[in-house]
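Take these sequences, add in the hints, and give me the full structure.
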Amino acid sequence: MYGIDFKGAFDTRRLVLHETYPAGCYPLEKSFTNAPVATRKAVPPTEEYPFRTISGDGVYQIPVGPVHAGIIEPGHFRFTANGETVVRLEERLGYVHKGIESLMAGAPIERAARLAGHVSGDSTVAYALAVARAVEAALGIEAPPRAVWLRALMAELERLANHFGDIGAICNDASFTLIHAHCGILRERVLRTADTCWGHRLMMNVVVPGGLAADVGAGGPAAVGGLVGEIRRSFPKLIELYDNTASLQDRTVGTGILNPALARRFGCGGYVGRAAGRAFDARRAPGYPPYASLRFEVPVLDAGDVDARVWVRIREVEQSLALIEQIMAQLPNGPVGVPIDGAQGGETREGLALAEGFRGDILAWVRIAGDGTVARCHLRDPSWFQWPLLEAVIEGNIVADFPLCNKSFNCSYSGHDL
Amino acid sequence: MRKLLFQSLIRAPLTEPAPAAEDAALAELAQQVERAARRRLGRSLSIREVDAGSCNGCELEIHALNNSFYDVERFGIRFVASPRHADVLLVTGPVTKNMREALERTYDATPAPKWVVAVGDCAADGGLFAGSYACVGAVSAVVPVDLHIRGCPPRPTDLLKGLLALLEDAAAGAAR
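Note that the protein sequences, when read in sequence, are chains A and B. First residue of the first sequence? That's 1 in my numbering, and the numbers climb one at a time after it. First residue of the second sequence? That's 1001 in my numbering, and the numbers climb one at a time after it.
In case anyone wonders, no lab produced these hints; they're calculated from the structure. Note that the Cβ used here is the ideal one computed from N, Cα and C, for glycine as well. Hints may contain errors.
Not everything, but these chain A residues come out facing chain B in the computed CB check (under 7 angstroms) [to be verified]: (1) A69; (2) D122; (3) N259; (4) S414.
Next up, the structure:
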């Protein structure tokens, strides 16, 4: 991307600019202007991406993707299997590379923040929060207290919606559709509550540098109260069902075990890290407001299997509910935004922030130029440290358990590919 | 589990009444869909979803179509695993350069008669990502599009309205 050539690198295959891109295309070089690049329609077989080959008796390959069977993002999985057992998985990503970092370079702060909210649609609040906090750090401003607390409310609603989606989808991949259907109802209820609060089901474009684009709508607080009550009534029955269904446990317990040492080595966050003993949560450390004023636990398990990743999510749902109740009880009054002026007397400023999305910690770094535009912005998705581990956990498992492993990781393609 | 299943029997369903098909969508379709193709379709649609570079927002809302509130299967609409089983391709995203070939190949693998529905603002014109070196832009620049459903992302009700328009238009074609 920068035109830097690493001498002695062990893997020089292309990552996000696939083989159809012309040689010498370096979108992150300063001299690069964002204009259409002529890509080749097809590449000769000799220039195709070389997957690692493993040979041996009865060893065969299964190519999957980029267009998958489900309604999910595109990526290519190359399985090498022996009978039912996966010998090795190789992931090829980059299919949804949209050039977001180049689009941000030179953009006004508002547009860059909007782009950040569309890096990964499921984490739009967390991304917008990370970028907003990075910009605020760079400019030395603070969002008003009400905005800070409402941002936390939105982040916890987003966490709830995604965890319900994931828990249901993992059970669905073990053909247990009852939990999937009920989790789907809970997810929909969260999205409808978000819609009542901010007029958008995924809460896109609400968190902005300086605060929020809008205060919570009139019916919002009552809807949030009703939602928490409904989840508290119906979710425990689903947990009990998950815990007491032997056929389901048979698929999740002991499947796709992540070695805790590997989780530490990769600095892997989110439920993937926390289900394998790594107790990192950006809300706790380094921490950001208002979480220091709130009581919550960071659930950590050691088993590292699909089941542990389900249980971390279940516990996090409970924590998010408690957080939402505390936020609603202490919600300060006042304005929800302060005006921002990026042009700080012609000075270049930089800011860095971490935000805990449902998937893990999102890092945002921004450099604001003297004229108040975004000179550069880099966003690091938690999936960067989770995708490589998915390759590790599937080894020795059967091919049929890959959907469970994959869903329990639920890595972002778009967040990775940028 | 028995208790949960029993409750589902005695409780009123959550499923929402069907929205009316959107006029604008019907108008767009009327110009594009051939009558002979409509007749063969009847009142069922098999859909293959293709993410051609979306942020995953559209996928989340397309997923929601399958939940108990929207329940698209009641209309004969179902999502299938292969383009070879599909009547409709539901395409999202600003078509990244890296997905262009996959989209073309998926289109070619779908048997005629077929329809392409471009979902979301990105699929309509590249949306927020228009002008990027890494994106082609509109889906219609790569494969012929029969219907656009706008939104960022479109709400499930908007998706449903568009798909019902496709079905209604197909039924009208059969009667003609």
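Restraint outcome when D122(A) is required to lie within 7 angstroms of chain B by C-beta distance: The hint holds - D122(A) has a Cβ within 7 angstroms of chain B, the shortest such distance being about 5 angstroms.
Given N259(A) was flagged as interface, is its beta-carbon under 7 angstroms from a beta-carbon of chain B? violated, 29 angstroms
Under the criterion of a CB-CB separation shorter than 7 angstroms, is S414(A) in contact with chain B as hinted? Holds, because the Cβ-Cβ distance from S414(A) to chain B comes to roughly 5 angstroms (cut-off 7 angstroms).
Does A69(A) hold up as a contact with chain B if the rule is Cβ-Cβ below 7 angstroms? holds, 4 angstroms
In this structure, only the earlier hint numbered 3 is contradicted, and the remaining ones agree with it.
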